[in-house]
Amino acid sequence: MKQYLARRLLLAVPSLLAVTILIFLALRAVPGDPAVLLAGDFATPETVASIRAQWGLDQPLPVQYGVFLRNLVRGDLGRSIVSDLEVREEIAQRFRVTLVLAVAAMAVALTIGLSAGLLGAMRAYTLWDYGSMVVAMLGVSTPIFWSGMLLILLFAVVLGWLPSGGAEGWQAFILPAVSLGFFAAGIIARQTRSAMLDVLRQDYVRTAHAKGVPNPRVAVVHALRNALIPVVTIVGLEFGRMLGGAILTETVFSLPGLGSFLLTAIAKRDYPVVQGIVLWLAVVFVLINMLVDVAYAALDPRIRHA
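Its first residue numbered 514, the sequence shown is counted upward by one per residue in our numbering.
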């Protein structure tokens, strides 16, 4: 396993290098000059030229990329063109908010999704099954921004139980976690039900039933572990998406997370910030994929990574 992880890390280096090239070129291809945006509408050409020289924007693109890559090797993501703060520190500060939101949302998604999927598989083609799948369909088909506004209207405006936005205290994360997690719960529920139905048809499950093992024990102890293998893939993808910055959720609930920060940086053409965030998200996805592979081996000892 150690050799496999080391090999995966080495193979991730070219992928991350390709990410830096693509995001670097894509940003420069977008219309708009960050120096003009920073200087203002009434700035003189001399002022704009001075800002461009200050941030190295007047250099050829290969030179700019070489400087970015050289600093990256040293762990330096540069400074924000807008705030003149270290990009690394700004990402770390906002990623903490996104991480708390993602963990809370995933807890909601797993609680609802696994329960609905397990119930649907154990009571297949009954009202319980249809009801759990209706919940799953509602989760998948409900836009996050719409469910978020409904939650704010009900629990913040009408009832006044929870704050409508911000990141002050753990209560502020309840509504955005429910809104974001409910969407992922629908996907997890459908995958769990499908995987459980396949496993429940296996011979060892029939043997357990023939021995008189209670149905709940058969489903939870014997079948669920094997059924979780495809579910883990979905959980990894959804968790990566959440960590990638739930832009809609963070915008609706005014959370100072990574997604809203990225959106603002793109609008202001803050090249170092956008490059740093995208690269950081690429690293996060690589690490999550590795954790998913490790989870495969933990769930099924037959799996070996050659």
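Read the hints as simulated data drawn from the structure, not as lab findings.
Remember, predicted model here, so these are calculated numbers, not experimental data.
One thing to keep in mind: the hints can contain errors.
[Unchecked claim] The list that follows gives simulated cross-link-like pairs (lysine to any residue, SDA-like), each with its CA atoms no further than 20 Å apart: (1) K781 to A556; (2) K724 to L737; (3) K515 to V807.
[As the list claims (entries may be wrong)] Quick list of simulated restraints, FRET-style, between CB atoms: (4) G644 to G553: 55 to 63 Å; (5) T624 to Y809: 19 to 27 Å; (6) A605 to A669: 43 to 51 Å; (7) G579 to R714: 32 to 40 Å; (8) P558 to W674: 52 to 60 Å; (9) L612 to T655: 20 to 28 Å; (10) W641 to L518: 15 to 23 Å; (11) W641 to V807: 48 to 56 Å.
Built from N, CA and C at the ideal position, the CB exists for glycine as well.
Status of the hints after comparison with the structure:
no. : hint                     : in the structure
1   : K781 to A556             : 16 Å, holds
2   : K724 to L737             : 18 Å, holds
3   : K515 to V807             : 10 Å, holds
4   : G644 to G553: 55 to 63 Å : 58 Å, holds
5   : T624 to Y809: 19 to 27 Å : 23 Å, holds
6   : A605 to A669: 43 to 51 Å : 29 Å, violated
7   : G579 to R714: 32 to 40 Å : 58 Å, violated
8   : P558 to W674: 52 to 60 Å : 55 Å, holds
9   : L612 to T655: 20 to 28 Å : 24 Å, holds
10  : W641 to L518: 15 to 23 Å : 41 Å, violated
11  : W641 to V807: 48 to 56 Å : 34 Å, violated
Going down the numbered hints, you'll see the structure goes against 6, 7, 10 and 11, while the others check out.
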